[in-house]
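Participant: Which chain is which? The protein sequence lines are A and B, in order. Everything in the first sequence is counted per this note's numbering, starting at 1 for the first residue and increasing by one. Everything in the second sequence is counted per this note's numbering, starting at 1 for the first residue and increasing by one.
To be clear, the hints were calculated from the coordinates, so they are not data collected in a lab. Hints are supplied without guarantee of correctness; some may be wrong.
[Said to hold, decoys possible] Computed, partial: chain A to chain B, Cβ under 7 Å:
#, residue
1, 52
2, 53
3, 55
4, 58
5, 70
6, 71
7, 91
8, 93
9, 94
10, 95
11, 104
[To be verified] Straight-line distance between alpha carbons at most 30 Å, and here's what the computed BS3-like set of lysine-lysine pairs gives:
#, chain 1, residue 1, chain 2, residue 2
12, B, 255, A, 80
13, B, 368, B, 204
14, A, 70, A, 141
15, A, 80, B, 114
16, B, 210, B, 9
17, A, 141, A, 80
18, B, 368, B, 73
19, B, 73, B, 210
20, B, 9, B, 32
21, B, 255, B, 157
22, A, 32, B, 368
23, A, 124, A, 80
24, B, 551, B, 73
25, B, 508, B, 32
26, B, 149, B, 204
27, B, 378, B, 368
28, B, 210, A, 141
29, B, 114, B, 508
30, A, 141, B, 378
31, A, 70, B, 255
32, A, 70, B, 368
33, A, 70, B, 595
34, A, 124, A, 70
35, A, 32, A, 124
This structure is a prediction, so every number in the text was calculated from the model and none was measured. Glycine included, each C-beta is placed from N, C-alpha and C at the ideal position.
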Amino acid sequence: MTTHSVSAETVLGELRRVAEIAAGILNGEEVKQIVNEQAMHYIANPDPNFVFLSGDYFDVDQQLFLRNKKLLLRLERLGKVTMNSALWVPVPGQDAVTLALHNGAYHRYYTFGLERLPTPPEMKQVLEAGTIVSVPPSDDKNLATVLAPVRDSLGDVVGVVELTAPLDAPPPAWS
Amino acid sequence: MGSQQVPWKLEAGNEWVAHDPFGRVKSSDVSKTSCPVEANGQLRLSAARNGYVSFRLWVTGSGSYRLAIDADKPIEVDLFRAWYHKLAESAAQRTGASGWFVDALVPEQPDAVKTLPDPDNAIGHQTQQEYWVDLFVPADAPPGRTPGKVVLEADGKRIELPLVVEVLEAVIPDDDAIICDHNSYGCRWLTDMYPGALARRDGKQARWAKMIELLHHYYRICHEHRGHFSNLGAGHAGTFDPIYGPQIRGAGRDKSLEGWEWFDRHYGPLLDGSAFAGIFPGAVRARRPARCVWGVYTPISVDWPADYLWWGQPGYEVEFTRCVGQFDEHFRQNNWLTTHPLFFFNHKKRYRWYEWDGDEPKYPTDDKYFIEMGRLFKAAVGDTPVPWLYRMDASWQMQRHFELLAGMVNFWVCAAFSRWYPDELAAVAARGDVVWTYSGTPGVADTSSALLEYVWRTWGRGIHGHCEWLTVAPGPDPWFDCNGAETGMIYPGERFGVAGPIPSVRLKLQRNAVQDINLIDARARAGGRLDEVRADLTRRVPVSLFEPPPKVVEQQPPERWDSRDLADSPDANMTAHAALDPLWWAPIRQTALGKEGK
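Next comes chain B alone, as it looks inside the complex:
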């Protein structure tokens, strides 16, 4: 660690631009424009009510210091220390970036004595520490100016940065206009992420109980960040851990489901909303109203509850309709009539368990399975009040499947191919189906605002949600040997003494963008101008919503396309918009806050 004295300095900046631990702007965040939050020695922010306004703070110096942030009531302050992830060599080679990148946000106690360089992050010659500040403005906060201040104390000196929050009349709706979905698989990954919490659990029962508790925290952190957590229990083979479903008893005509204890303990609080009345560790309190979770995966697969040995024979239909009917009945008996349970297949034939693709089907020979499953499902649940959705993760064949499976599949989670089909997407949404897209997530080394493209596209396209296929797996060592964390924007907090997940810059940016979209959407709908506002923003926002397909798409049927033909058009994100300015979201924020042109 360096011994050279660095003069103390306190600076603030907008949420979209990060620094490295030496005070340099992250190279991919260097903008041609600016969006200052500080003017004339004062931090000035505007915020709608029932939501957050955020900014970054940078403390420069060396030695011990205290940092405190106050705002007058009813505004509440959350302070987070940004963790600098050291990019692994392999990730550096892949991304072309190197060094340290902020993302994970560690809840901090204001007034605690901190040190630069931060001994925990262990960066030689670190001269600057980044913080993320969330100011929560309750729905009943009075509009007008609310004062506050940021105070840095070090070496007996005090640096004060006054802040003013202009609380607007606007109230961010509780209900989100779009769903930002955080997907995950099973629960065994928790074992590696929470070794302390799970090592202390002797016996299977205690471990499953702890797994459920931790999963609930993931549901909560997503909910509090205006997102949705999805956790698929069944693997490609169709097997699942006991917390995801009841047990099977008997076979054929006598087959039934029993032993719902773990399922109820796991899903009951999600399905009646009570899970969201609690907080996730590290949070002060739940600030969003408790709601039933929007949707949940179920353990239903081609091999559960019906035995695939009998596929295509009478026994399969008998087992399927009996047991899926019982599953539905369990929901009715518990009055779980708000959440959408999903009838969904995730298996891929390339993994060799089954002879058809349940996920991203490519070959028309697989169509008959979806149709038969739809028939069986209808026979099992009939006109149930349980709001089931038959979900298909549509890919190569989506254009044809939209028509072929109309009236059967009613929840489409679409691959990036959907950007070639504006009319088809509109038609499917117009007939009342739920339409999402899916993709990966830009990593810690990417432009900070890159992941907001999906937020914009989801609303801009007039669809309902976007699934990021894995957001809870930031890698074996996200702290000192980070693989880029493209599959994890929610981090385990155990190493920081937090008994659950901790958020990230990416999660906060996504939340704030959803807030903006909610404001824009609500105002446009109230004024009967939704189409007009969407068209206007589409003209102004430099992120395309749709694009023409490559030649092969027009010349060949989907079963003849491959990743080589489509190499120029994979998962479109920031890489497809290299010239996109890191502050491209700022005009959307201005629109959301009713400050266009100001």
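One chain only, chain A, in its complex shape:
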């Protein structure tokens, strides 16, 4: 076992502790309404001839966005390690997710300008099984991540909280 993985295990443990809290307190009824209907339509139905359409129409429910952003900020600060958070929601009718909101500069999945992402296997596991999933660092990403389910009032998993922590140097402000 390398030093790197020992450190990752410690960090993953702390992320998992915060993820359990996140899974318990985020309200899926709110989370699924952050990205508005029109915005989600253009995310789900991109026009290859007009690639900026989904950007043109991206809009959110500001109150819900802000409330959940602040909640995630508070959760980040509960942790004993530096971490950032993100909230992913499924794109209706597709095996894809889109970001509803995020904080900070540490991300496992988000790349600048990303509009939709084929659901990563570990995120699919969270959405389907409703369990918390740990994602250890990989060769190309020296990050530790834990994913937590967000449930609505019917108990359905309608979103995924991503908590990601760096295992080395801080990221650039601009990539």
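Since chain A is already given, all that's left is putting chain B on it; use the hints.
Facilitator: Below, chain B without anything else, positioned relative to chain A:
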């Protein structure tokens, strides 16, 4: 490489027409007219003082040669080898062009032995090498004819092209009539562009110091080319590297800024002008007077210095006003009272960090944030002598924002939509606000004079500046697999042994155009004829300043427009003027030099 002997030839041409490495005129530069600089075996140029006159030289042949250019004092000569960028296949498909295109300019030592084909550029069967020549005419140069010559020596033969520079009485003002802004983001891109310089720096401190040094060179190269460099430190999340701002200490009532060392090292020389007393690598000397930089971004964002966790609550206002007040105080204490620090938001909600657009807002629901930020900002700095500007990059809603945010936002950087609003732009400029436009940049395969449209439009519209949103990122391999370099007209010089940025044809063309505008503007103002001269040139210059909006703009509110509705009117540039002659700037040059009709 070909072994066939090509006879040596030396030719010169105006600055707007490029050749390929085989002596053919760049297809998009083929003109129906001509603008020769050579007549009867002599190179003849006219130049105002305190500026440059430029021309292109073409050496045709094969084998080794020497090229020398002399001009009598006080004229100074700068020689640059034009680099032929090989257009990548993807760029060729996108632009419809292919092959090699000149742009980057490598400083050359006259008299050095050169070779055709150029082994560095590695173009099979290259028969011609293009050079760019800048002749600098100092402000105190005596008017009249100054002789010089271009000499090509090869195979024991000597080809001489005499040159005469007619130095005019006119002096180009030091202060530019318009600002050509070169925008950039952060400093991490320097790592890829200057691997040698940065790899040698062990430890963070040495690397940040080198980053600052390199950034200063970018400020300098822009300044020397009558442009302005803007470098935004904070990313969309609000984070920034330590050279862009002080550190935060505490929270709430006790929050404060401390640790200004890196910020001062970075910005101090820009804010007191001393950075511009130095030169950028590859330049002979600073020829423009050192000045405080016109404006700088600050690290202020929605999440710095106030914590966005407290947005909408008393703590946010307390943190914001305390710390932005301290930021302002730091400027006052250092007597940095000339440069405009910018209060500006660059985040977009589509990137999902925040619930409102700080940049290019589209939805009226975002208005309240700008208004609240304006209130907080006023509360933080009061009637400070620091010349802050509250900048908004206005887009979809600009017509409404001009009114809604009047007296609050006072620096408008406007999207191409501004071409529908002549009266509104005039009104905003008339009330004393600073007005710029912004766009991308025509690439290396486009008509060489295409980027001058923005120079003309800025002055023609009576506004103050134009921002090209990214000009320092010419792509991962601009040399042999060029993506068109639409985001980079300033190149890293490291591969040529230059420890900083090197200029380009586009940068030089832009500089020369600004010189022309300065002359025209100064003469018109001195004669009290500014409006008359502007109207006259507007009639003569074949580039429209404004145009009527598409139907959707009249029928729907901006939040219902989209890039599909507006597909016919994106970032208007040369593509909208396909019939524009590549030499369209030449009559403006004639006007600038007082030679209309000659």
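Participant: Hint by hint, which ones does the structure fall short of?
Facilitator: 6, 7, 8, 9, 10, 13, 15, 16, 18, 19, 21, 24, 26, 30 and 33
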